[in-house]
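Quick mapping for you: the protein sequence lines, in order, are chains A and B. To convert, take the position in the first sequence, counting from 1, and add 781; that gives the numbering used here. To convert, take the position in the second sequence, counting from 1, and add 781; that gives the numbering used here.
Hint data in this document are derived by calculation from the structure and do not stem from the laboratory. Be careful, since some hints might not be right.
Said to hold, decoys possible - Going by beta-carbon spacing under 7 Å, a handful of chain B positions derived as facing chain A:
1. 881
2. 883
3. 914
4. 930
Please read all numbers here as calculations on a predicted model, not as lab measurements. Built from N, CA and C at the ideal position, the CB exists for glycine as well.
Protein chains: 2
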Amino acid sequence: MKIQLPKKALVTGGAGFLGTHLCKRLLEDGYEVTCLDNLYTGSSRNVEAIIRSTTTTQNYNYHPRFTFVQHDITQPYRGQFDEIYNLACPASPPHYQKNPLETLWTSIDGLRNVLNLARDTGAKVLHTSTSEVYGDPLVHPQVESYWGNVNTIGIRSCYDEGKRVAETMAAEYRRCHGVDVRMVRIFNTYGPYMHPQDGRVITNFVMQALTNENITIYGDGSQTRSFQYCDDLIDAIRLYMELPRETVDGFFTGKACRPAVPVINTGNPGEFTMLELAEKVIELVNASNVNLNLPTSTSRLVYEPLPGDDPKKRKPDITLAKELLGWEPKVSLAEGLVKTIAYFRQFASASAGKMV
Amino acid sequence: MKIQLPKKALVTGGAGFLGTHLCKRLLEDGYEVTCLDNLYTGSSRNVEAIIRSTTTTQNYNYHPRFTFVQHDITQPYRGQFDEIYNLACPASPPHYQKNPLETLWTSIDGLRNVLNLARDTGAKVLHTSTSEVYGDPLVHPQVESYWGNVNTIGIRSCYDEGKRVAETMAAEYRRCHGVDVRMVRIFNTYGPYMHPQDGRVITNFVMQALTNENITIYGDGSQTRSFQYCDDLIDAIRLYMELPRETVDGFFTGKACRPAVPVINTGNPGEFTMLELAEKVIELVNASNVNLNLPTSTSRLVYEPLPGDDPKKRKPDITLAKELLGWEPKVSLAEGLVKTIAYFRQFASASAGKMV
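Here chain A stands alone, though its shape is the one from the complex (with noise of 0.2 Å):
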């Protein structure tokens, strides 16, 4: 009888937002997960969440399927792995700002690898993209067709543009060297593990009326985004990694209509105006602060000017997704802000109304 190995992934960017989700998915689909990441906006809290939430033993800096790395993934990693997840970037405008160039880097050199290791060894890629690309889009929903609207020096440009090109460098892999790298253009997505210094709207809104702070609106709140809740990602993202080869190039090959290599959007078409989620936050922070016997909060909204090229609109089209993955999201926004809610809680000393 032959032993069946487990499956071998590689995740960088693993101790991230998403990354958390990923490697836990992974974890209990069966997989042997490495989990690379800078720590810079990854956090060994997350690393730690990871691995007491797949064990059933009290060692939480233990699991026997689980290897964390601290690496950068803008320096080459090596290693034999069946499948390579690259979501190693930060994401909210005041991290990638912070160090625009390291940003660019982590976009061009991060992925560079990635793609180098897998044309060395085989492995299959998934890269995360990012609704970024369509930037301040002029087609409404964004189609993956679309070809952007982004600014190339503005002070959004380190992420836009570095994503941009990480998309030209895995499609240019897969046409010269044959790569199966497969991107999905992610659109805002939120929940428990994000970091909450985020500083994009979703966590603002939360660590806001959880503290007892104003809630921030930049410009008059009218302009729109789509939330896709976390769990609705990774199912999308494994159903994409499941498929063979043959069906995603049988997809994308010689349609028309279709990007020319495998790209999808993935995000939840639910459109809310940022007023719509503010309202909707303190609703819920209030219902949970009464089950937990707290005072309402008594955060109200203040209005701050618009941030440099913040897009004043963005609405996937899931059509793709829908036709190649039977997929759509499932989580509404009440039902995901619950959870997030209540992993946020801990960050917020409801009492003092301060961060901890």
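We have chain A; now place chain B onto it with these hints.
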């Protein structure tokens, strides 16, 4: 009395089409010039032309102020220079699509090496970007504040997206490291020293007319381009680099209608359809043939399908260059074509109708 040492310039891609013109101009202006080229599309013929046209000696391998180094700028190059002109990158689709990943690395690693050198030594940088950052533009004519319409994963992306992210890098080295980098977005430029198999429309038409081959029109020939004669571009580049940093900074800082970092279009706004160009080339080749007692060109127009993502229309708005440099193109299309035809005749064996 203090001896005035010549200023030192480094020109990457110095043995290419524009590099040759720039090296010649810098030598004429008294510079000490180091010319780097990997000779992928540049040529030693051009290096010889630089030396030959700027010395009166009989030794065409030596010029007291000129050094040629065969070097690929994707590898670091060190030295102390006052000015660095970053021109390295194949620019015609058949050349840049032959090794798409090399094209990407030239744009990315090439400029990164240049900017690191400038950061470490205080050199001033002129980076040549391209009208291709506008892609298939939705705004006419193209102003610098237009963000472009570029496919991230098409067959032109290795050039277009590489050049876009290079602009991002330049902008961030300016913001993060204070590097004095100035960018030009070059629209179609032509003239002597182009590669005879360049593959773009002017060289194609001129070589086809000179060798009595049929002239290939892609699509119906109604797509327009603007054509800038090389000398006009070199004028703009030199004027731009002669400006004090304060002048450049003042021009671009805090003006909502101007880009946040120094980037200007250079091109000739005169617009011609491919059909008009083909007719003009045949007319001028025939006029030149008459002067040389050669028979009339027998070339006829033939039509082929448009290649992928070919922009339908492109025309520069050169208001910023006019305002900043007091520059505008001086050489008419007919005048430039006459010089270009004269240059390309050496590569065409008119009697045999073959390339040599």
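Here is how each hint holds up against the structure:
1. Contact between residue 881/B and chain A, as hinted, is supported at the beta carbon level, the nearest pair being about 5 Å apart and thus within 7 Å.
2. Contact between residue 883/B and chain A, as hinted, is not supported at the beta carbon level, the nearest pair being about 10 Å apart and thus beyond 7 Å.
3. For residue 914/B, the suggested interface contact is upheld, since its CB lies about 6 Å from the closest CB of chain A, less than 7 Å.
4. At its closest, the beta carbon of residue 930/B sits 5 Å from a beta carbon of chain A; the interface hint therefore holds under the 7 Å criterion.
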